[in-house]
Amino acid sequence: MHKIYTFMVHFIFFNLNVLFYLSIVHTQSLEHPVRTNQIPRQIPDQSIYTQPVPGIIMGGVLPFGCIFIQLFFILNSLWSSQMYYMFGFLFLVFLILVITCSETTILLCYFHLCAEDYHWWWRSFLTSGFTAVYLFVYCCHYFATKLQIEDAASTFLYFGYTLIMVFLFFLLTGSIGFFACFWFIRKIYSVVKVD
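The numbers in my numbering rise by one with no breaks, and the one at position 104 of the sequence shown is 104.
Be aware that a few hints might be false.
[Said to hold, decoys possible] With beta-carbon atoms standing in for the labels, derived distance ranges:
id, residue 1, residue 2, range
1, G65, I164, 18 to 28 Å
2, S190, K146, 42 to 52 Å
3, E150, V34, 57 to 67 Å
4, F182, A153, 39 to 49 Å
5, Y85, I149, 19 to 29 Å
These are computed hints drawn from the structure, not numbers from a lab.
Glycine residues also receive a C-beta, built at the ideal position from the N, C-alpha and C atoms.
All chains, full assembly: derive it from the sequences and hints.
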């Protein structure tokens, strides 16, 4: 019986690797809607709200505002042994988070493009990914106010799990913001007629 399971696991993993390889190798490269110049243009002086750091800090506030109520219940279920049963509402909050991350990042990216700043790639990732910093601050607040943990090992365990959760949330929200901006910029530049 063990040999059958071993064979199935190896067969599945081999096929997944082959399918992944074939999907990467046989895809066409992306065609950009406009031709770019080889010489980069000078970026003019930016106002305070179009500079990178204030835009990134502002971009994480709105998506965090969508999730912080549910975050309290999730942290209670993880650390206070309470039952979490609102999975339908959690899915709705997740959809609102995706929409909010996308719209916030697209809006700030559009402001940067209007200010003739074309460095949008990492800024779009960091703008919506900065929500994770607010998540970490909220988890620290939850640790200080709701939990009575005094042991060093428990504190290390709490912050270890929190940092893993925050990092994964950073990757999730940053990817949402980047792909939303990527789609938006391809759409607006495919409509523009450049001669």
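Outcome of the hint check:
For the hinted restraint 18 to 28 Å between G65 and I164, the CB-CB distance of approximately 23 Å keeps it satisfied. In this structure the hint that S190 and K146 lie 42 to 52 Å apart at CB holds, the actual value being about 50 Å. With their beta carbons about 60 Å apart, E150 and V34 fall inside the hinted range of 57 to 67 Å. Separation of F182 from A153 is about 43 Å and conforms to the stated range, judged on CB atoms against 39 to 49 Å.
A hinted range of 19 to 29 Å for the beta carbons of Y85 and I149 is consistent with their spacing of about 25 Å.
Hint compliance for this structure: no hint is broken.
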